[in-house]
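So the sequences go chain by chain: C and X.
Heads up, the final residue of the first sequence is numbered 346 in UniProt numbering, and it's a clean run with no missing numbers.
Heads up, the final residue of the second sequence is numbered 583 in UniProt numbering, and it's a clean run with no missing numbers.
Calculated directly from the structure, the hints in this document are not laboratory data.
Hints are not guaranteed to be accurate.
[Unchecked claim] Derived coverage of chain X by chain C (criterion: at least 3 residues anywhere in the stretch with Cβ under 8 Å from a Cβ of chain C; other residues may be distant):
hint : stretch
1    : 67-80
2    : 436-447
3    : 531-544
Values in this document were obtained by computation on a predicted structure and should not be read as measured data.
Backbone N, C-alpha and C fix where the C-beta goes; we use that ideal spot for every residue, glycine too.
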Amino acid sequence: MISKIKTLLAATAITGMIAVTCNGTAQAASQELIDAAKKEGKVVWYTALVVNQVVRPLAEAFQAKYGIKVEFVSALWQEQALRMINEGKTGKVQGDIFDGPPAFEQVYAAGFVEPYLIPSAADYPAAYKDPKGLWTAHSLQPTGIAVNTDLVQEKDYPKTYEDLLDPKWKGRMAWTTSTSAGGPPGFIGMILDHMGEEKGMEYLRKLAKQDIINVPSNQRVVLDKAVAGEVPLVLSVYNYHIPISQAKGAPIKWIKIEPLSGHLGTFSLIKNAPHPNAARLLLDFIMSEEGETIQARAGYIPAHPAVPAENPSLKPEGNYTFSGIAPDRMMVEGPRWVKIYRELFE
Amino acid sequence: MTHIQTRNASVSAWPRLWLGQPLGQGNVLAFVLVVVLALLVLPPLLVLLRISFTEFHAGFREGGFTFQHYVGLIQSNTLFRSTVNSVLFAALSTVISLIFGGILAWLVERTDVRFKPLAFLTSVVSMGTPYILYVTGWLFLLGKAGPLNRTWFELTGSPANLFEVNSLAGMVLVEGFLWSPLVFLLLSATFRAANAEMEEAARMSGASVADTILRVSFQLARPAIVALALFVFIRNLEAFEVPALVGIPGNVSVLTTEIYRGMKHMPPDIGFVSAYAMVMVAVIAILLHYYGKLSDRAERFASITGKGFRPRPFRLGRLRWLGGGIILFNFFIVLVLPLGAIFWMSVLPFVQPIRPSAFRAITWENYQRVLTDSYYWGLAGNTLIVAGTVATLVVALTFLTGWVVARRKRGARIIDQLVTVPLVFPGLVLGIAMLQLALRAPVPIYGTLWIIILGFIIRYVPYGMRYSFSGVLQIHTELEQAAAVSGANTREMLFKVVAPLLVPALASGWIFVFLIATKEMSMPLLLAGAQSQTIPVAMFELWTSGQSGEVAALGLIWAAAMTVLSASFYALTRQASAATFGK
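Take the sequences, apply the hints, and build the full model.
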């Protein structure tokens, strides 16, 4: 009799737990998860995001809320992907979560991504998350063109992509070396989509003759080159970084030429993460209204439907055509665009 | 400083003195040292060699033996181009740092030039400053937004730069400046140690200042200069910071940046990278062989006498203002301007040209951040732990190896050769090898500070050896013989007689290794994990992800702290040299 009751109780406990997990639609994280996460004490985040803009504020807020330490490692996504693949390959996993679609594509292909349907992202538009939970977007990352307003007069602003072929831009444009949808390959994909295969390739060959400077850093550093006046015009920079610099008084302007290329800023969970519960809790926090508000306040474009962007004109909806490339498409077509980039521009 | 002189025992001019009777303990010591050194220096070489001949399948599964990586290397169009660039870059920047550092050293050591303290100040500060900080400072100065091109733009309105920094010329200039303080320190030691009587004789026989310099001073120092030139050349071949930050944006690739790029290709082609690295290792090994020969010759040319007198300095006469100008030029170009540029970046919310309107935006926010954020304190803690442990273990190990080799004990020859092996690795390549070792190691060393410490120990054993070896040579064997006769065994003799006498040499070695371990970024770049970030690595990562302001503030604070240490290093070596050569 007693044993029957015990079994029943156990069964209720289990079903109860499941109910909590399934029922997590945009709700606060479950107490079980919080307790388990606190027991782990910390979480390791491999990031390619700009530390002082979003990583540090998110980490501090999470630490303050749950008392769980966030250890972040900042590096370009290539190094992060290499790190995660090496760790996964040898079973010496140290990272728990990571951001960025290009890293996702590599780490997923190597088989080291753990699917997780983040409860707080339940209400996100379907396009902003993988149905299996392999990745979830925290922000939109449209890439565009920016000019230094001290160096370029308004009459010289390019108005179409063709204008970039003007001889006056030769050797005076820069972009990142990042082979992601947020870098030259994404730009190439967008041009081929937009102009068609034949005309697009013709355009790209002409553009390659303009000797674009390859900056071995991320889009933020490329934009800083224009801010500092080292190059008058930069390509494939995140459009939301431009107002962040403008707010500090930088002589920089977004030139809205449509369509915009780019991608989604994503997060994923690492397979065999050493702190799986703290990792899930941090992901849940980042995607929650609270986490998304922190990102919006930093000037990022939040993916959360209920969190408005600080600067609404940056959002594609009703403002511009955004031909951002999702990770699944990038994994199929990306390698060809990377090849075009290497052959024409490197 | 980094002038390595682990000479073969057979060519040493020191008298062949053996202890009275063979000591059993001595043999055990030599055996243990050979085993320890072999276990340290050989695995990185072997792991790279093996990977470079291993076939890889999808998902990084290892297959059988293959030549495909080397075939791919020969077929790729990058090897030839980057080799040519590497050689040009290394050779030209060697010339710049040698001419610049050499003239400075001669002026300071041999003439009555003004502003001598400024030359030392420049070197001392530069020894404590991370390379990456200098490089970014010069990048700003010589870049489009820097004063040079900016003035040109304002004068002419031409969008073309007066000087394009992201070019081979820019790389050569920056690397040349980067190494000139070290060349200065090393050559000033050479000039100080050289016998001035010959210069005096030349002057008294009626030779002009120029003739004396060209025909006597530089002829005497020539073997040392040639050996140093080859050494700097090798270091420039291995350089990573300048090629990465200056070269890549201008599409100028050299061997190290090609290796780095190969590691970052997705998926990373580790076989190809290892083959590339083995080619570099082979080239450097050949160069090192010649370097060994040259530095032996340099020793034989040395005209050190026992006479403890300081030569009368040259009177430059009317040329004195020119000499002073060169010292000031060095002070500004190598110290004030780059660090000033970094300071400028550190107090502004975003990088902008130096102009009146920017002064309004000055803020100390970056300094506040760096000083209050536990992240940065953690980095500093890691870096100090790494550098302290590395310096201590390297000095301990090389104290023993230095003694065995200097006294030509049994095993001296093989120990000497093992100690020089790490010199063939560029930092980045050693980092890749250590990463592969850590990933395959049965002990959980991956992602910890230990793997970085181990890598640095391997890398700096030759440097520690240089200090202990020459330190032991200066101690007369009589003392050791007396100890042996009085019944001391090897251990007692080493720790009660040799060690106390070696303290100044070992202390200099300790600080030197400590300082370079806090500065180097390329070796730990790929090894640093979540808990094992160091200051230079974090600076590079933060820099490449757009945090220039905070990195600049962090770098300046760090450089100030390290300068204190480097000043004590300088004081120690001066003291040691004063003891030997007189004040």
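Now for the hints, and whether the structure bears them out:
For the stretch 67-80 of chain X, the stated coverage by chain C is violated: 0 residues have a C-beta nearer than 8 Å to a C-beta of that chain, whereas at least 3 were required. Restraint check on the stretch 436-447 of chain X versus chain C: 5 residues with Cβ-Cβ distances below 8 Å, three needed, restraint holds. Three residues within the 8 Å Cβ limit are the bar, and the stretch 531-544 of chain X against chain C gives 7, so the coverage statement holds.
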